[in-house]
Amino acid sequence: MNLEKLRPEKYLKYLNPTNLFAVKRTKEILSANPTIIPHREEAKEVIVTIYDYDASVIEEKKFSGITGCFKYKTSGRTSWINIDGLRKADVESVCNHFDIHSLVIEDILSINQRPKLDEADNSVFCLLNMLYYNEEKHSVEQEQISIILAKDVVISFQEDAHRDVFTSLREKLKAAHSKIRQRPADYLCYTLLDLIVDHYFVVMEKLSGRIEELEEEVTRGNNTRSLSHITQLRKELIVLKRNISPVRELVNGFLRTESDLIEDRHTKYFKDVYDHIVQAIDLSDNYRDVMVSLHDLHINNVNMKMNEVMKVMAIVTCLLAPATVIGGIFGMNFESIPWLHSPYGFFGAVIAMLAIPVWMLLMFRKRGWF
Amino acid sequence: MNLEKLRPEKYLKYLNPTNLFAVKRTKEILSANPTIIPHREEAKEVIVTIYDYDASVIEEKKFSGITGCFKYKTSGRTSWINIDGLRKADVESVCNHFDIHSLVIEDILSINQRPKLDEADNSVFCLLNMLYYNEEKHSVEQEQISIILAKDVVISFQEDAHRDVFTSLREKLKAAHSKIRQRPADYLCYTLLDLIVDHYFVVMEKLSGRIEELEEEVTRGNNTRSLSHITQLRKELIVLKRNISPVRELVNGFLRTESDLIEDRHTKYFKDVYDHIVQAIDLSDNYRDVMVSLHDLHINNVNMKMNEVMKVMAIVTCLLAPATVIGGIFGMNFESIPWLHSPYGFFGAVIAMLAIPVWMLLMFRKRGWF
Amino acid sequence: MNLEKLRPEKYLKYLNPTNLFAVKRTKEILSANPTIIPHREEAKEVIVTIYDYDASVIEEKKFSGITGCFKYKTSGRTSWINIDGLRKADVESVCNHFDIHSLVIEDILSINQRPKLDEADNSVFCLLNMLYYNEEKHSVEQEQISIILAKDVVISFQEDAHRDVFTSLREKLKAAHSKIRQRPADYLCYTLLDLIVDHYFVVMEKLSGRIEELEEEVTRGNNTRSLSHITQLRKELIVLKRNISPVRELVNGFLRTESDLIEDRHTKYFKDVYDHIVQAIDLSDNYRDVMVSLHDLHINNVNMKMNEVMKVMAIVTCLLAPATVIGGIFGMNFESIPWLHSPYGFFGAVIAMLAIPVWMLLMFRKRGWF
Amino acid sequence: MNLEKLRPEKYLKYLNPTNLFAVKRTKEILSANPTIIPHREEAKEVIVTIYDYDASVIEEKKFSGITGCFKYKTSGRTSWINIDGLRKADVESVCNHFDIHSLVIEDILSINQRPKLDEADNSVFCLLNMLYYNEEKHSVEQEQISIILAKDVVISFQEDAHRDVFTSLREKLKAAHSKIRQRPADYLCYTLLDLIVDHYFVVMEKLSGRIEELEEEVTRGNNTRSLSHITQLRKELIVLKRNISPVRELVNGFLRTESDLIEDRHTKYFKDVYDHIVQAIDLSDNYRDVMVSLHDLHINNVNMKMNEVMKVMAIVTCLLAPATVIGGIFGMNFESIPWLHSPYGFFGAVIAMLAIPVWMLLMFRKRGWF
Amino acid sequence: MNLEKLRPEKYLKYLNPTNLFAVKRTKEILSANPTIIPHREEAKEVIVTIYDYDASVIEEKKFSGITGCFKYKTSGRTSWINIDGLRKADVESVCNHFDIHSLVIEDILSINQRPKLDEADNSVFCLLNMLYYNEEKHSVEQEQISIILAKDVVISFQEDAHRDVFTSLREKLKAAHSKIRQRPADYLCYTLLDLIVDHYFVVMEKLSGRIEELEEEVTRGNNTRSLSHITQLRKELIVLKRNISPVRELVNGFLRTESDLIEDRHTKYFKDVYDHIVQAIDLSDNYRDVMVSLHDLHINNVNMKMNEVMKVMAIVTCLLAPATVIGGIFGMNFESIPWLHSPYGFFGAVIAMLAIPVWMLLMFRKRGWF
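Chains A, B, C, D and E, in that order, give the protein sequences.
Each residue of the first sequence is one higher than the one before, counting from 28 in this note's numbering.
Each residue of the second sequence is one higher than the one before, counting from 28 in this note's numbering.
Each residue of the third sequence is one higher than the one before, counting from 28 in this note's numbering.
Each residue of the fourth sequence is one higher than the one before, counting from 28 in this note's numbering.
Each residue of the fifth sequence is one higher than the one before, counting from 28 in this note's numbering.
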């Protein structure tokens, strides 16, 4: 018997690499947000990108210093100032220059903030997370983005200089006749939100593919790590839910705002984002439901397989017991045992040893026991 | 022993055809809606059907080109323009002709949209799904329908040219004295909604029949695929719930609208649709509850059957153990063993071998163990 | 061994009569309400009963034709027109005579409607179900009742001519000094509602008795059909909940109405009905909770019984194993085996065969294993 | 083996006394409130106690007839009329004398009413339950109390003459300088509510003690009745929840009332009661959560104990199987079996019989199987 | 066999120290709040600390008597009076001096109060708990803090003189240019709240670390106390939830207040605290979800390990059964048994004894049973 295969330590060892990641992942998911002691590391590089445009002209600039963007406060055109990489001093100097409240600075620098919207007299601030799907670890990654909408200016702060979801926007900006060039800063702000929310669907599409994979794995029933995978995916769904749920309220804030910065004719666009985020939330609830029934299915499959094995073992053991008894009967050392001296005695006994289990087997089958 | 019957690979193979469908189904259910990258295929054919009517006259026309419907914008009568098959260019040209907002065009062309209602100055737009029941796959199929209510015009966009739920409406339209001929476009819009919602009940009736079938299957207890069926049906209930839940809010939008397009005397009709959709939602919750208890019942039946088998095996094995011991006692090779030389010794031993299990059996029965 | 008793087909056969009813019941509970295709059978008989009264006079009449009630539209007194048995033509002619909206006619004739309230200028319409408890099938039966409150007239439509919950009302009406004779039609309407809601409590009292019975059955633990009974009762609770939950909103409608048909001084009475229905809903939630823990208790009892049996079997088998080994040792055919020739050898071996299990037994008991 | 201990009938018999109480308790908890057929028994004795006081004087009187209290309607001082024991005629005569609405009379006489608040022009009526903890049966007992606040009068109706929660109030009333003597009737009404709600905490303290006891019992794991105790306690928590939940709304009614009977400066006191009742509801939810995890823990302990036993049995049986085989090998009657004639053969075989299980044991331990 | 290891009493004994703490903990968590019988012990020492400051000056004083703080009622500067240690007489004299309502005094002295906010004309009172994490017992400890905001004065009452969460505030107060020195008393009040709420995140960070530890423990699967740890941690999460949930409403009270004591420009700060507390509540729900799936994982691991053991035992027993039968066959004492006299008979039998299990083993493996 290959006992090797049965050693729990062994298969647990196989599980460990995944699980150690899983444990670390739990830590990441559950870590809290003490703004009072911010542990955010200073970004290694800060890249400032400016798109300064109106219907006729667009100017694109890239700085590595922060001060270059200051003059766009009053350029007469609409400016998108995108800052990749967060450094305390830089965030503070930009915000002070553009008259942003100090609490907003704290929020921008915080870690693991809940998506939120804050309105002030001269600006609207919102903070949310862009989500990406890590194909390797099957995990949902988040990158915090802070957007400040002020008079003719949109300032966005991102954590990571090397990725965002705004590629399509940059192309549209360069196209002279695109709608975005005709419209003021709030439409730009809407476009940013829209792209972020639409990317949630891309992540969910990947997650749905992952659920499909897991369902196939569970249905095939030959992977001992399925439960571990299911547990991890459930955690990713927590991350997803936590990131998208509060965005509903955030977008609703844009709908209900009375700020002059949002034109009435653009409400329809924010309403559209609102519909999308509501759909994403609904869908993520469906994901959860499907995961629960996947978990049930897995447990059921494992039990069914185990039960089959135990049943066969019990039946085999049971079927052989009568033969042992018959062997015992004629193995007794009594002087006078019938048939002992008959030449057919042995064969009679052996036939009985075979006949009884066969008869039992037929009885069991008749009762539908296997 | 028919080990064949016990091979899990084998019954899992039986399950696979269903399950592969089930997995694909999961993918369909969970797939998200990234409007930013619409994957909608262009329809192969586009059929435009016009019903242009007032109380006295009705004109019915069918075009395969889209431009034929343009003149009904101002026909002086009420027009129902039904467009089967979605092509980007066609949808855009129709919407532009009838002054529909570009966001609505995006929604019409999107896939897996959540049911929604949008009001503009000159039109009311709603998008929802017609549901059909696929008798073969026992699945709920959805077809997106977009309805635009404008001044004297109702435009509806359907995906599939070959089926819808409006047959009875077409007949009523042809009858000169039917109520619908006496009333303006909003009543037509109400009728469309009403027929869609009423068809939900037809689908639910089928689902209820399917649940009944499954309950009988589970009660009979002789189908190893029951769990798979239950799991699939629970997914279909997710589809149902997701499609009908947001319709409540949609219809409520018609009730609360202040648009001039909806006459006050027609509110009562929309209220009636509202009551129906609320009932459908309530009922679908009941379906869910029943499915949960069906799942419990199935698990319980499977366990009970397994337990019975294990119990019998354990009892048989246990009953035969004393006989083995007695056989062992008199099979020992000691020189002086009592009764060995007695002519009744053997029969005494055999009688003991029978008597002890019988006595045990009586004891067990007295304790109600089987 | 009485294998008969263990055949699952057999006990499932016992279950079947109940379960076939249960399956049919599921169908009844889940069947939907497609008003578009009403399957309602025409009533075999229609009985119209009139109570036309004021503080001083009461006139009681019974017709089998529908037209007899038409003159009570303007009798100058308060009239209660109760129509038992629903026929399409009759309902339509009555409603047309009393100026009731055609949607209301549809509702009256529909099947499995959700309780609802509709207000019009000249009337208030409500539809709900009377509940009865079927002692034989332990099921909750429902009969739809539609009540129309118009100026000085209350019209009620019932499905079944042979039972309702208004017996006590009829007696009070005949008593000249009863409060109901002093008051206008809305008080009559309140009384009808009050009697219907109070009868819910009668049904719940019966259900509570049934729960008590089941709990005793489960506690005694000797009924294999308990789970089936529990499952059925949970379905009945779904019926109960579905019928009483929407009535809360319905009665609330009477409280918030601004219709002239309800006098302000009678609001207090509707508030009383409201309190009762809220209590009924609360109570039905308690029923649900108790059923859940009853289900848990049942599962636990079944498992505990099974476990006891398996434990005893395992212990007996285990205790006899050492004896088999000892028998085997001295049954070996080696030439030189110690004690074989000793006269006490056999007894020593047998004593060992007894002593080891006894010692094991003591060890097991010391560990509290049985 | 002490089979006695394993008879399920036997331990179920032990359970029965508790369970019969439990079943009766279920009936009590679930019984409904059909006001239409009040089964309330007439009280055997009715005791009327009057406290008629102002800041300077207090008069305390006790009557067994009801009419004695009538003159306190207009005593010029504040009166608390407490009536212990409910008789239909008495309640009606008191209420009629004090101009209380007939619906209130019905409520006072009803059984198992849900706590409620009713306002009229000249009075505020509230009905709720005082809770007591029965130390013997570990059950929550309820006694209905109805409080009527009218101009300068508070009338309270209690069911049981022999206990209430107002002892401390009586003492304060007698103290001339107590705050309650300085204030009008609504402060008295507040004090009654406050004492009732504060007594809920006393009951909850006892329940929390009971939960603690059960947790210890479950942790020790030596009580077969634990599940029964847990089930009963969960029922008591249903009683608790049902009694305290609606009181929140009741007290909120006092906060929002516009009745002249409640002075504005006393709102703060009702707010205090409100805070307490909210806390009680929160806490009772915690109790529920703890009971659920207690139930889990119990099931887990039972399973763990059972599993341990089965594991040991399976291991012992398994370890002895090789010895049986070896015994069988050398017990065969072949003519030429090696070692049979060797003087060390027997010892070799016996050593093998011991060595194999020991080796297996070591293997099992290495794998951490026990 | 090391039976020692299997004794449930023994491992339960190991569990007991933890569990006894756990039981006591349950008592602490569930204990109610009967303000009517306050059991609060008088503090052993009372320390009063005064910070009296404006933008230019700060005075720090420490008293052990209570009266020293009275003069700061009208110091002309902003005063923070922090009182560590609660004595009934002291609280009353302070509150009376500062014109605080007597109900507030009761609240300050109460035990296990639910966090609450009370507004009066001249003051705002709030009561909540500071949370600490006890690293040794892995428990969440709470300390009640009452904050009274009056004109230019903030009074805070703490239970424990030796710890609080305001260290950083004290440092900021001493810094002349810190924002807090420039602002009135409501900003001080905000700062206190902010520090308390921020410390919740510190506690949650620790809890998240503890969850991570437990997950590793469960994944490794070698700790029999895991369930006990999980159960305890779930209780701590109840404590956490109960303490932070009502704080949301409390802070919301500050946002909606119309008291003159809170300046409009400071609303933004309270909004920030509000966002933090909402995030904390969301996060604590995530903790709960993760704990549930951790519990599932643990149960699953325990079952899997148990199942593996039982499967191996059943397989070994089953594999050895045929050998026993063969031994029995050739151990029978019939006169004529074939092969008995053949010199290869014995070896043939032994080879059959080995070959059959090997063949069975191969069959089992082919079926994927281990």
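Incorrect hints may have been included.
Because identical chains cannot be distinguished in the list, a pair is counted as satisfied if it fits within a single copy or across any two copies.
[What the hints assert, rightly or not] Calculated pairs, BS3-like style, for lysine-lysine (alpha carbon to alpha carbon, straight line, at most 27 Å): (1) 100 / 178; (2) 298 / 268; (3) 233 / 298; (4) 206 / 295; (5) 89 / 71; (6) 51 / 268; (7) 98 / 233; (8) 115 / 298; (9) 199 / 115; (10) 88 / 206; (11) 51 / 295; (12) 115 / 206; (13) 268 / 393; (14) 199 / 332; (15) 295 / 115; (16) 298 / 178; (17) 201 / 115; (18) 51 / 332; (19) 233 / 51; (20) 115 / 164; (21) 54 / 268; (22) 178 / 89; (23) 89 / 295; (24) 332 / 201; (25) 338 / 393; (26) 233 / 164; (27) 393 / 89.
Worth flagging that the hints you see were computed from the coordinates, not collected in a lab.
Hints, verified against the model:
Within a single copy, residue 100 and residue 178 get their C-alpha atoms as close as 8 Å, which meets the 27 Å cut-off; across copies the closest is 41 Å, which misses it. In this homomeric assembly, residue 298 and residue 268 come within 27 Å of each other (Cα to Cα) both inside a single copy, at 21 Å, and across copies, at 23 Å. In this assembly of identical chains, the alpha carbons of residue 233 and residue 298 lie at most 27 Å apart only when taken from the same copy (26 Å versus 36 Å across copies). In this assembly of identical chains, residue 206 and residue 295 lie within 27 Å of each other by CA distance solely inside one copy; the values are 15 Å within and 35 Å between copies.
For the identical chains of this complex, residue 89 and residue 71 are intra-copy neighbours only, at 17 Å inside a copy versus 47 Å across copies, given an alpha-carbon limit of 27 Å. For a Cα distance limit of 27 Å, the shortest separation of residue 51 from residue 268 qualifies both inside one copy, at 19 Å, and across copies, at 24 Å. For a Cα distance limit of 27 Å, the shortest separation of residue 98 from residue 233 qualifies neither inside one copy, at 42 Å, nor across copies, at 45 Å. Proximity of residue 115 and residue 298 under a CA criterion of 27 Å is satisfied inter-copy only: 23 Å between copies versus 34 Å inside one chain copy.
Proximity of residue 199 and residue 115 under a CA criterion of 27 Å is satisfied inter-copy only: 20 Å between copies versus 32 Å inside one chain copy. Within a single copy, residue 88 and residue 206 get their C-alpha atoms as close as 21 Å, which meets the 27 Å cut-off; across copies the closest is 37 Å, which misses it. Taking CA atoms no more than 27 Å apart as the test, residue 51 paired with residue 295 passes in neither setting, with 42 Å inside one copy and 36 Å between copies. When the C-alpha separation of residue 115 and residue 206 is checked against a cutoff of 27 Å, the pair qualifies only between copies, where the shortest distance is 19 Å, while the shortest distance within a copy is 35 Å.
For a Cα distance limit of 27 Å, the shortest separation of residue 268 from residue 393 qualifies neither inside one copy, at 52 Å, nor across copies, at 43 Å. Taking the shortest alpha-carbon separations for residue 199 and residue 332, neither the intra-copy value of 56 Å nor the inter-copy value of 59 Å comes in at or below 27 Å. For the homomeric pair residue 295 and residue 115, the shortest alpha-carbon distance between copies (22 Å) is at most 27 Å, but the shortest distance inside one copy (36 Å) is not. Taking the closest pair of Cα atoms, residue 298 and residue 178 come within 27 Å of each other both inside a single copy (22 Å) and across two copies (23 Å).
With identical chains, the CA atoms of residue 201 and residue 115 are at most 27 Å apart between copies only, with a shortest distance of 24 Å across copies and 32 Å within one. Taking the shortest alpha-carbon separations for residue 51 and residue 332, only the inter-copy value of 24 Å comes in at or below 27 Å, while the best intra-copy value is 32 Å. Taking identical chains as interchangeable, the C-alpha atoms of residue 233 and residue 51 lie at most 27 Å apart whether they share a chain (22 Å) or sit on different chains (15 Å). Taking identical chains as interchangeable, the C-alpha atoms of residue 115 and residue 164 are never at most 27 Å apart, the minima being 31 Å within one chain and 38 Å between chains.
Both within a single protomer and between protomers do residue 54 and residue 268 lie at most 27 Å apart by alpha-carbon distance, with minima of 17 Å and 19 Å respectively. In this homomeric assembly, residue 178 and residue 89 come within 27 Å of each other (Cα to Cα) only inside a single copy, at 22 Å, whereas the closest approach across copies is 51 Å. Neither within a single protomer nor between protomers do residue 89 and residue 295 lie at most 27 Å apart by alpha-carbon distance, with minima of 33 Å and 34 Å respectively. Neither within a single protomer nor between protomers do residue 332 and residue 201 lie at most 27 Å apart by alpha-carbon distance, with minima of 61 Å and 62 Å respectively.
Both within a single protomer and between protomers do residue 338 and residue 393 lie at most 27 Å apart by alpha-carbon distance, with minima of 16 Å and 17 Å respectively. In this homomeric assembly, residue 233 and residue 164 come within 27 Å of each other (Cα to Cα) both inside a single copy, at 12 Å, and across copies, at 26 Å. Taking the closest pair of Cα atoms, residue 393 and residue 89 never come within 27 Å of each other, the shortest separation being 82 Å inside a single copy and 64 Å across copies.
The structure shown violates the earlier hints numbered 7, 11, 13, 14, 20, 23, 24 and 27.
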